[in-house]
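Trainee: Here is how the chains run, residue by residue.
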Amino acid sequence: MKRVPLSVLNLLHDRSRLLVAIAGVAFAVLLIFMNLGFLGALLSTTTNFYEQFNGDIFLMSPQSLEISSTEPFPRTRLYQVAGVEGVQRVMPLYSDYVLWKNPETGISRAMFVYGYNLQDPVFLMPEVNTPEGIRILQQPNTVFIDRLSRPEFGPQTTGLVTESDRRQVTIGGQYSLGGGFAADGTLLMSDQNFRRYFAPRPLTQINMGILLLEPGTNPQKVKEALRALLPADVNIFTKAEIIEHDSTYWLQTTSIGFIFGLGVLVSFVVGTVIVYQILYTDIRDHLREYATLKAMGYSSWFLFKVVLQEAALLAGMGYVPGLIVSLGLYRLTVNATEGALPMQMTLFRVVLVLVLALTMCSLSGLISVRRAMTADPAEVFA
Amino acid sequence: MKPASSTAPVDAFLEESAATASAVSIRGLDYFFGQGELRKQVLYDINLTLPKGQIVIMTGPSGSGKTTLLTLIGALRSIHEGSLQVLGQELRGLGNSKLVEVRRNIGFIFQAHNLFESLTASQNVEMAVELVGNFKNKRQQAAAMLGQLGLGERVSYKPASLSGGQKQRVAIARALVNEPQLILADEPTAALDKKSGRDVVTIMQHLAKNEGRTILMVTHDNRILDVADRIINLVDGRLESDETLSHFQETHDPKKLDGQMFIL
Ligand SMILES: Nc1ncnc2c1ncn2[C@@H]1O[C@H](COP(=O)(O)OP(=O)(O)OP(=O)(O)O)[C@@H](O)[C@H]1O
Ligand SMILES: [Mg+2]
Chain A
13 MKRVPLSVLN LLHDRSRLLV AIAGVAFAVL LIFMNLGFLG ALLSTTTNFY EQFNGDIFLM
73 SPQSLEISST EPFPRTRLYQ VAGVEGVQRV MPLYSDYVLW KNPETGISRA MFVYGYNLQD
133 PVFLMPEVNT PEGIRILQQP NTVFIDRLSR PEFGPQTTGL VTESDRRQVT IGGQYSLGGG
193 FAADGTLLMS DQNFRRYFAP RPLTQINMGI LLLEPGTNPQ KVKEALRALL PADVNIFTKA
253 EIIEHDSTYW LQTTSIGFIF GLGVLVSFVV GTVIVYQILY TDIRDHLREY ATLKAMGYSS
313 WFLFKVVLQE AALLAGMGYV PGLIVSLGLY RLTVNATEGA LPMQMTLFRV VLVLVLALTM
373 CSLSGLISVR RAMTADPAEV FA
Chain B
91 MKPASSTAPV DAFLEESAAT ASAVSIRGLD YFFGQGELRK QVLYDINLTL PKGQIVIMTG
151 PSGSGKTTLL TLIGALRSIH EGSLQVLGQE LRGLGNSKLV EVRRNIGFIF QAHNLFESLT
211 ASQNVEMAVE LVGNFKNKRQ QAAAMLGQLG LGERVSYKPA SLSGGQKQRV AIARALVNEP
271 QLILADEPTA ALDKKSGRDV VTIMQHLAKN EGRTILMVTH DNRILDVADR IINLVDGRLE
331 SDETLSHFQE THDPKKLDGQ MFIL
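Each protein sequence line maps, in turn, to chains A and B. Numbering-wise, our numbering comes out as the position in the first sequence, counting from 1, plus 12. Numbering-wise, our numbering comes out as the position in the second sequence, counting from 1, plus 90.
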């Protein structure tokens, strides 16, 4: 027959206390999940537009911080590597800010502009890849506007004419890309139009080089080959690497990492305190019984195990409802923000928070267990 | 239950042979609480031998050191001076884990029952059976012990639904289930009404007589003195008197009536 499951029975005995404990752990778990969720979602919004970039390898100046603050570098770097085995196509990308005037309010705001050769399939958005879309973009002073631009930029109706850096501009169509953390709105235009708007800037200086590889080519291999060819004035990234590079930049230069990291820490501490409180009162209320067990011949180690088991049980019982509610809130957030905050549960996060919950409960178990272990068996006679 | 002498060192066997014949043997025991300035002596030169199978009642005024002596014999505190042998084992100088082992051979009965409210009567008793590793029959053993104490119907009740006397009997079942050779009880009847108190003591008396257990019981309860083979009196940390029940009753006039009432 099995041991009397003292830890389980002790926890189950006082149902209301158990419910409070579970709610406390679940709440802490929920807070941690939400903090990590917001952090992850915000970080992915800083870089999720890269998914629409049709490239496998990206070249950027070492002075560039992230996509919207790039330092131009010579276009010849791209042509130098065009012949490398596995490289299917090399595509220059130009970018800069213009002032876009809201035709309704007359107020101008900084808009982020991409310029590219219309022969190059730089972007994956379907609207800019139809023959009709390309035909429209070829017209002078005509741009496509990002539907995800902030409403302050004004209406996005096709055919609308407004002013950009004191130059007339016509909206030729729309696409959905998003500007990440840096840009409130984006425009796409042909490299020829880009040259007009940003004269006297020459097209020989590019902001980013995008390489499309032959299908089935290993980007890491090509990257090594490129590195051997190119001087140190360009950095080479695979797609995953440039996403990582940009989100690291945002994590480090903004306070979002700090804020949500602090949020996780506070939730962790709150959870630890709640569990400690529960375990401590439980031990205090049973001190005579624990001391009696010691008088009967149980070791301190046995009591240690009982308390830690209670802690682990609380962690498990609080974690599951915490996870379920978090999944619901993630979906709610995605719906409420219409996808602008892509809160997604990852396996890594599920495991991480479980480990955090266990650590939280064990920690409070360890703090409170000292009380049980010091229970003096001689005291119960007094 | 292993033989009590098995833990005694071989080279000390001859010296110890007298002690092993008795359950408890105390020589020149002094005991102090506190350190330095606050050091306070509570037991003075205690010499006491409890033969096997004897029921000994310890009386004495409050604060005279009865509980302290009981906790020392029960290996719940360590002694510093003198000699204390319990079931053939010298306790002086024993480490903590050795003391824990000694406790497993002793049945403790406290004034409070100290049962886990979350466990049934049976489970509370099973916690004791598990100590000696007997997992297979623990339920039957616990039930049998509770049955002997008249709680056969109550094995799966939690303490909250038992009366005070029933709870104390569960605690006694827990103390006795492993058939300890030595039973230490500190005012086991203090929290009980007259009838339950009487029942509890009668049960202990049967155990001592039928199974040769040694019982040392502290009590202020004059109503139960009649079960004792021997009554010792502790005053201000010193053993004042050590006498048989009849002698005690003759010399303690005010208590004489009480004691005789039970005999009649
Ligand atoms: N843990 C302790 N620390 C210091 N002094 C103690 C401690 N326990 C008991 N004492 C003192 O030791 C003396 C003996 O106490 P003890 O509890 O053994 O008396 P007792 O005979 O059991 O009394 P009672 O009949 O009231 O239970 C008392 O003066 C008490 O104040
Ligand atoms: Mg006492």
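Rather than coming from a laboratory, the hints here were simulated on the basis of the structure. Backbone N, C-alpha and C define an ideal beta-carbon position, used for all residues, glycine too. A couple of the hints might just be wrong.
Chain B is nowhere near these chain A residues, computed Cβ spacing over 10 Å in every case [stated by the list, open to error]:
1. R15
2. L18
3. L21
4. L130
5. Q150
6. F193
7. A390
Listed below are the simulated SDA-like cross-link pairs for lysine to any residue, each with C-alpha atoms no more than 20 Å apart in a straight line [stated by the list, open to error]:
8. K317(A) - V245(B)
9. K113(A) - L160(A)
10. K14(A) - P354(A)
11. K248(B) - T386(A)
12. K188(B) - D388(A)
13. K317(A) - A233(B)
14. K233(A) - K113(A)
15. K248(B) - T229(A)
16. K14(A) - V245(B)
17. K248(B) - D26(A)
18. K14(A) - K188(B)
19. K14(A) - V222(B)
20. K14(A) - K142(B)
21. K233(A) - A94(A)
22. K248(B) - R300(A)
23. K233(A) - D26(A)
24. K251(A) - V282(A)
25. K142(B) - D120(B)
26. K113(A) - Y209(A)
27. K14(A) - E220(B)
28. K248(B) - R27(A)
29. K235(A) - Y209(A)
30. K248(B) - H25(A)
31. K188(B) - D26(A)
32. K14(A) - E243(B)
So these bits of chain B aren't anywhere near chain A, every CB distance computed over 12 Å [to be verified]:
33. H170
34. E191
35. E277
36. R320
37. V325
38. T334
Trainee: Would you mind marking each hint as holding or not holding in the structure?
Mentor: Cross-check of the supplied hints:
no.	hint	in the structure
1	R15	violated (6 Å)
2	L18	violated (7 Å)
3	L21	violated (4 Å)
4	L130	holds (76 Å)
5	Q150	holds (80 Å)
6	F193	holds (54 Å)
7	A390	violated (4 Å)
8	K317(A) - V245(B)	violated (27 Å)
9	K113(A) - L160(A)	holds (17 Å)
10	K14(A) - P354(A)	violated (48 Å)
11	K248(B) - T386(A)	violated (27 Å)
12	K188(B) - D388(A)	holds (16 Å)
13	K317(A) - A233(B)	violated (27 Å)
14	K233(A) - K113(A)	violated (46 Å)
15	K248(B) - T229(A)	violated (71 Å)
16	K14(A) - V245(B)	holds (18 Å)
17	K248(B) - D26(A)	holds (13 Å)
18	K14(A) - K188(B)	violated (26 Å)
19	K14(A) - V222(B)	holds (14 Å)
20	K14(A) - K142(B)	violated (35 Å)
21	K233(A) - A94(A)	holds (15 Å)
22	K248(B) - R300(A)	holds (17 Å)
23	K233(A) - D26(A)	violated (62 Å)
24	K251(A) - V282(A)	violated (39 Å)
25	K142(B) - D120(B)	violated (24 Å)
26	K113(A) - Y209(A)	holds (14 Å)
27	K14(A) - E220(B)	holds (9 Å)
28	K248(B) - R27(A)	holds (15 Å)
29	K235(A) - Y209(A)	violated (33 Å)
30	K248(B) - H25(A)	holds (10 Å)
31	K188(B) - D26(A)	violated (35 Å)
32	K14(A) - E243(B)	violated (23 Å)
33	H170	holds (15 Å)
34	E191	violated (7 Å)
35	E277	violated (9 Å)
36	R320	holds (21 Å)
37	V325	holds (19 Å)
38	T334	holds (27 Å)
Comparing the model with each numbered hint stated earlier shows that hints 1, 2, 3, 7, 8, 10, 11, 13, 14, 15, 18, 20, 23, 24, 25, 29, 31, 32, 34 and 35 do not hold.
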